[in-house]
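Protein chains: 4
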Amino acid sequence: MIKLGIVGLGRLGKRHAENIAFRIQNAELLAVCSIVEDEIKDAQKNLGVKYAYKDFSEMLKNKELDAIVIASSSTEHCKQIEEALNAGFHVFSEKPLGINMHEVLRAREVVGKHNDKIFMLGFMRRYDASYAYAKKKIEEGIIGRPFLIRCYGLDPVKAVQGAIAFSEKSGGIFLDMAIHDIDLARWYLGSEVKSAYAIGGCYEYPEFKKYNDADNAVALLQFKNDAIGILYVGRTCTHGYHIETEIVGTEGSLRIGSIPQKNLVTIFDEKGAVQECVSGFLERFDQAYVAEIQEFVNCIIEKRKPKVGVDDGVMSTKVAYACKESFESNKLVIIE
Amino acid sequence: MIKLGIVGLGRLGKRHAENIAFRIQNAELLAVCSIVEDEIKDAQKNLGVKYAYKDFSEMLKNKELDAIVIASSSTEHCKQIEEALNAGFHVFSEKPLGINMHEVLRAREVVGKHNDKIFMLGFMRRYDASYAYAKKKIEEGIIGRPFLIRCYGLDPVKAVQGAIAFSEKSGGIFLDMAIHDIDLARWYLGSEVKSAYAIGGCYEYPEFKKYNDADNAVALLQFKNDAIGILYVGRTCTHGYHIETEIVGTEGSLRIGSIPQKNLVTIFDEKGAVQECVSGFLERFDQAYVAEIQEFVNCIIEKRKPKVGVDDGVMSTKVAYACKESFESNKLVIIE
Amino acid sequence: MIKLGIVGLGRLGKRHAENIAFRIQNAELLAVCSIVEDEIKDAQKNLGVKYAYKDFSEMLKNKELDAIVIASSSTEHCKQIEEALNAGFHVFSEKPLGINMHEVLRAREVVGKHNDKIFMLGFMRRYDASYAYAKKKIEEGIIGRPFLIRCYGLDPVKAVQGAIAFSEKSGGIFLDMAIHDIDLARWYLGSEVKSAYAIGGCYEYPEFKKYNDADNAVALLQFKNDAIGILYVGRTCTHGYHIETEIVGTEGSLRIGSIPQKNLVTIFDEKGAVQECVSGFLERFDQAYVAEIQEFVNCIIEKRKPKVGVDDGVMSTKVAYACKESFESNKLVIIE
Amino acid sequence: MIKLGIVGLGRLGKRHAENIAFRIQNAELLAVCSIVEDEIKDAQKNLGVKYAYKDFSEMLKNKELDAIVIASSSTEHCKQIEEALNAGFHVFSEKPLGINMHEVLRAREVVGKHNDKIFMLGFMRRYDASYAYAKKKIEEGIIGRPFLIRCYGLDPVKAVQGAIAFSEKSGGIFLDMAIHDIDLARWYLGSEVKSAYAIGGCYEYPEFKKYNDADNAVALLQFKNDAIGILYVGRTCTHGYHIETEIVGTEGSLRIGSIPQKNLVTIFDEKGAVQECVSGFLERFDQAYVAEIQEFVNCIIEKRKPKVGVDDGVMSTKVAYACKESFESNKLVIIE
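Protein sequence lines correspond, in order, to chains C, P, A and Z.
Per the working numbering, the first sequence starts with residue 1, numbered consecutively.
Per the working numbering, the second sequence starts with residue 1001, numbered consecutively.
Per the working numbering, the third sequence starts with residue 2001, numbered consecutively.
Per the working numbering, the fourth sequence starts with residue 3001, numbered consecutively.
Don't read these hints as lab results, they were simulated from the structure.
From a predicted model like this one, the values you see are computed outputs, not experimental measurements.
Here are the computed lysine-lysine pairs in the DSS-like style, where the Cα-Cα straight-line distance is at most 25 angstroms:
#	chain 1	residue 1	chain 2	residue 2
1	P	Lys-1136	Z	Lys-3158
2	A	Lys-2158	A	Lys-2210
3	A	Lys-2137	C	Lys-271
4	P	Lys-1271	Z	Lys-3137
5	A	Lys-2003	C	Lys-3
6	P	Lys-1331	A	Lys-2194
7	Z	Lys-3307	Z	Lys-3003
8	P	Lys-1224	A	Lys-2210
9	Z	Lys-3210	C	Lys-224
10	C	Lys-262	A	Lys-2137
11	P	Lys-1158	C	Lys-271
12	A	Lys-2158	A	Lys-2209
13	A	Lys-2224	P	Lys-1209
Work out the full structure, taking the sequences as your base and the hints as a guide.
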């Protein structure tokens, strides 16, 4: 039984906490940490956790714990990773690894030093049943050699006011939203990005302009193996949360989530044949959030490294910064 | 150049006339006949026909004509077929062949006597690109031996008032609507119906009750080769005109028109992913109406029999009557 | 914490046991019972159960237990339900309730006597996210008044040899396979069946004939509110496990699972655009099996009755028998 | 009756000729011109044309003709347009307008001088029922303001050897294949392109490298109104001919042809649910080729300008050249 403590009980942190408490095998949610008192009370009441902390360092003193799950604000990730590893814990951190290149490189160094500890980064899409299946099929060779990927990451317009409020600190649309897609692109294509060119604009919400940000943007990536990446990120999607990925190979192609269907129901009415869509990431990736933490726990038990690690965080951040720089300068950016 | 005269210039007759005038190779629309003066005037103005008649017998005296297309009221079909064949013309008749067993059997006799003439019945679905493709695939064996067919024939609710008005004379929902499906079922399964059991009701429009009719009904057919037929006909379809057919075989199955899509556009909006649907038979079967008359003309030129003939009309009518009888009696009806 | 004991650790029993052990909140798998020694050993090893029994009566003596989950052979259900209720436990039983009318009526009587205990029947489809969503939408009125249901229950042909072996004891295709569909039909239409007419055959596997059984069959049901039910059950589905349900109402219709897609991946290759399909019920209804037991546990905790009870088992069995009788006699069967 | 002469009887020219002969209203195919004797003989035999020419200038002397349809090699378009306009004919020219900027600008000048004549360019996709419907819906405002377009233009791999043979003269993948997409992008977004950045490679067919060409390539376009264009052109599509367009607006989005379905048949077999795909442009755009020539003829009769003219050819060529230049230089190219 792996004993876990979690920091951060916001929307995603709460979901992780619930999953650990009820849906992860061989794991126990022993402690929670949050600066929001109500979140702590809720967790104690609903999840039956034994320990609750307002201070992260205090939680790290609890030696009953085996591992720490970090679901706090992005600004805290890197230092909490370091603190937790130094305190002797296995660490799972939500994406993004960090919010600037300096701290993600530092995180890499720290993780490197604690090679005996499991470190895993929350690129949960790799654990989504459909994404994992696509990877397996590609490895089996059914599309030949993959040479192009198209990634859509579109947030529901219903969430746009939150994005506007967060815009100042978000690092911009590529750092905020494209990180998952960049990770998927590297994973499926098996290569690193060598250049990025990005354009975009504020087509509906001029509020983003203030921080040099966009409500919709596209990046065109060139990989070291000459493969092509197309990233489209947007914050004005009316039909819901649209995560779509297409991988084109020399002998076929795969599409994942072309219609981000809510379920298997099709409604026939005056409008026609209607497939309703998922409303957000917690609905779309419900299963993946369970599977990634399960994998983290399994890695601890079986003493093996997860397939998604600190390097994936470093490289994805690097590419997101290149996209951001290109978008701001309207120039092609070479990633050395 | 085959010279055609058409009788009936209503919605479908007009479409046939336009097709012959502009879209059928090796054919010329030489004459039209209608009891509605305005229809004649329109045809003369828009289709450039040389001859126009108010009286069918008059048109038959025109020996420049090679063939007659009958698109008049269902009540006229049988006698006009007979008159036209006797006058020495090839004949294409719209479905249904006739409105009672007596006259369709008489029509069969008449057609038999004029074996040197081409007679073709307007079961145009057989000439629809998708239906024809399905037939070809079945003949190639891709689904093994077909043993079950499910046919949906749903009229748009927008047309229900017309159906109510026509209910007294229509012969009921099976004779009016299921004829095409019965023909398809016989064609795909390669067997004749041995029994029928049908139920239904007036779920939204009690107006149909007056004539012992239904707004929605289902028949379950057993074929001589033990295959199963499911027919669902309805008049209250909100999403448009829904013609769907599924053929299940021992090694696979085919579905035709599961979503009766208007075109290749999918709309993504607040409702989700929306595929608009076709509004009616002229939209859905536009291509099939051309192809069937083209086949009729080709048969005349090449002196060969079309694959859909008078027997198909006789057998389909027989089955429709069995469905009607079963619906009215709530008893299983054996077709001898 | 509700403490559960399970009897039967076959394919589905094992899944229930795993779910209770790892995925159900507020529940603990305390005991297992099986006549197969290896199954017991596996459960002890993998699920960490405290108690293991070869004899059902022995398990019932364990007063640490709160509730019993019955996943044994269908022939055992009724008597185990009775024994467990009499011993003072809440009971969840897999479908079917029983294998003949006599014992299901007896089960109803027994359940009635233990009104203070929760009894729930495993019609898990009602707890499938898509089926539950459809129910909610219907209750919201989006399709008006439902008047027709079409249910497909097609087992993968890969499982046909098992079905042949089981044919003698299965009670025939309707009792074996259509029970879930009958329950769904009653649930969505809100009415009971008044008559059934069924046909079918051995189109590919004559082996079923020996027991008067079929490899594919269709029933046409008439409900007391005049609604129509179409049931198609088959054992020769080449593309996988195909459970599809369509509910037609006066103002629209819903389809659930028209393509029984494996996941959100579409493969584009020489064949075209390919959507792979689910292989069996454990894959298709994974989430539903969790949700139904969760509901059972919640009902115990919250002292409320589940929405699916013994009457649903009795009525569904009655209808399945009527279908069987009609199939065997080729006559319309009235259910009194 | 508009009397047409056609030059070029290759694959597309032959289709145009057949359409004019049999499917276009108020038009007559009076003359054909080809340097291939067999093509002329075929046309005389099958299409019943009155005049046949080996020399284009000879055809232009025939004053019975009203208009000329140019379907010859791309290298001939510009000079034949000029010759035909100067000879007093209305002109329809297949795309591309020309093969270098110099000659397309010259063509614009010539067309400008013959303002009394109808000149129309063969961007037939605008006349495809689905594309035209999408335009109409956008004009009705259903997706708000369009700000992004994604265009896929993928040729079937079965045609790749032809593309390799033609590579030297084709002008490269963007000029050869992206012209239609560029026209659609301008049309839907209502703006001109201001910059282009393109990458690509020879992922499967190194033969294209010799001419600095690619087998797959992507361009990212920025429009004057800041809208975004994504063009993906490829020559290795295994599932057929894949033309897909997505237009994203502030209030919704449209997708056209996401699955390039052959027809309305879905095949269910061991692979799953399979939708077969169209094999090539003549199959996909059959209806559009008729509709565009019909529009050309209607414009002549009604003395009005078609919506697609010489400027569309000039601007599209300019953008294709910018893509080519960017692809070759790996630099962002600004279009002045």
